[in-house]
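Given chain L, work out where chain Z should sit, using these hints.
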Amino acid sequence: MNRFSQALTFFMVHADRADCSNLAKKNKGSGRNPWINRWWIFLPLLCVLLASCGELRPKVLPQMATLPSAGLADRCRVFFPQGHWQLTHTIHFQLADGTNGNALGVLTIAGSTLNCALLSIEGLTLFEASSAQDGSLEVLRALPPFDSPAFAAGLIADIRTLFFMPLGVASTGRLVQGEPLCRYTDQERVTDILPDAAGCFQLSTYALRPKADGALPVLTRSVNARSCIERDNSRLAQNLTLTGLGRAGYTLNLRLLTAEPLPAARP
Amino acid sequence: MNKLAALVLVLSLLSANSMLCHAATINSTATKLRSVQAVFTQEKHLRILARPLISRGTLLFQAPQSLRWEYQEPIHSVLLLHDGHIDKRIERDGSFEQDNGAGVGTMQIILQDIGSWLDGRFNDNPLFSVRRSGPEDLILSPKDPGMETVIQRIELHLGQEKGVVDRVTIVESAESSTVITFSQVVVNQDIPAERFTTP
Chain L
123 MNRFSQALTF
133 FMVHADRADC
143 SNLAKKNKGS
153 GRNPWINRWW
163 IFLPLLCVLL
173 ASCGELRPKV
183 LPQMATLPSA
193 GLADRCRVFF
203 PQGHWQLTHT
213 IHFQLADGTN
223 GNALGVLTIA
233 GSTLNCALLS
243 IEGLTLFEAS
253 SAQDGSLEVL
263 RALPPFDSPA
273 FAAGLIADIR
283 TLFFMPLGVA
293 STGRLVQGEP
303 LCRYTDQERV
313 TDILPDAAGC
323 FQLSTYALRP
333 KADGALPVLT
343 RSVNARSCIE
353 RDNSRLAQNL
363 TLTGLGRAGY
373 TLNLRLLTAE
383 PLPAARP
Chain Z
91 MNKLAALVLV
101 LSLLSANSML
111 CHAATINSTA
121 TKLRSVQAVF
131 TQEKHLRILA
141 RPLISRGTLL
151 FQAPQSLRWE
161 YQEPIHSVLL
171 LHDGHIDKRI
181 ERDGSFEQDN
191 GAGVGTMQII
201 LQDIGSWLDG
211 RFNDNPLFSV
221 RRSGPEDLIL
231 SPKDPGMETV
241 IQRIELHLGQ
251 EKGVVDRVTI
261 VESAESSTVI
271 TFSQVVVNQD
281 IPAERFTTP
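Read top to bottom, the protein sequences are chains L and Z. One rule links them: number in this note's numbering = place in the first sequence (from 1) + 122. One rule links them: number in this note's numbering = place in the second sequence (from 1) + 90.
In isolation and in its complexed conformation, chain L is listed as follows (with noise of 0.2 Å):
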């Protein structure tokens, strides 16, 4: 609870019981419901209450049980298109301070390699840019406001997180409440799948913080796929929220519109 709202549930339970006494006195042999008035003394609570929904908590990494399963990695495996594709999408963003808009997005992806782009509805390209297996980048076009090296690698950042496997150690297990997942532990974030979410799947991400903090990973990004559809050996999401946490929160919305298979030569 921030400093806000403790020092107003601490005005508003005080105000209550000095308000209290003066109302016990007033109704004093009135033969009143004395409640019929008082529903104000519920206010703290309620005060209360709205202070700890309004609080937004960073989420933490949950516990898993970990159950080794070759076929549930193959099942979280599959949602990522593995091989050579051409991949569009409707892209709608919405950002914290509820800036919205749309575009359209271009991804090919070759192994691990992916090339992008980034176009007005109308067709003009904001954005162009590559990036190799071992995480370099090069930006080929930025128009403003998409020429910031941070929105590049942002970029970037989402797009690996929506269509490639996940980097690190791979366990399997389940969660406390027995959904099965997928875990990557790298030595910057956590990633967990849950393949069997709505028909498609869900994905999380958590940095890691240091290890002298003790504390658990938090959430950073979160992804819910939904509408999947059989494509060439790959399970692909017709519709894809990402939400990115934090103060500079934001809301992707994509929408596929095609996905080809090319040719291993490309790109």
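Think of the hints as simulated: they come from the structure by calculation, not from any bench. Errors might be hidden in some of the hints.
What the hints assert, rightly or not - Listed below are several chain L residues computed to face chain Z (Cβ distance under 8 Å; list not exhaustive):
#1 His214
#2 Asn224
#3 Thr230
#4 Thr235
#5 Ile243
#6 Thr247
#7 Leu259
#8 Arg263
#9 Gln360
#10 Leu378
#11 Leu379
#12 Glu382
#13 Leu384
All residues carry an ideal CB built from backbone N, CA and C; glycine is no exception.
Here is chain Z on its own, set in the frame of chain L:
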């Protein structure tokens, strides 16, 4: 993004009005143009694309300043210009919602130019200089060098029908271009006003 989106809309308007301009200037015996209706196919070519990205839509124009530029695929969106008002809508989940991507200020400037384009004063365009590259081809080059980083040039190809442009190529770079091909062009048929006010 707003300014860039507006720029593309400007180019779309240029394309649309190029048709009108050429009808007015080349076919001098033709009656004055009151309206144009056309279907268009837009191909986006990028180096990274194995196959071009295809968009389809329709164009309606009625003098003096009414325009409907509509994409049916892949995203259903409509730009409406009428009576000095500009409205851009995009369909999401079955209903149209306002798209904040259009730079309304820029559009108002363009609206003021539509009258001169209709009169065939093509060279009055403040954004592009025009030269003929062949009997049926024109090239529009940005007057502002800074704009060349966004658009290198626009190529207009005149069609068989006298005075009508049938293809516009917007060249962003050596490896990126947009080709808009017009077809089913109908001129001087009355268009109901609500087509320019209702998505």
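Any hints this thing doesn't respect? Which numbers, in order? 4, 7, 9, 10
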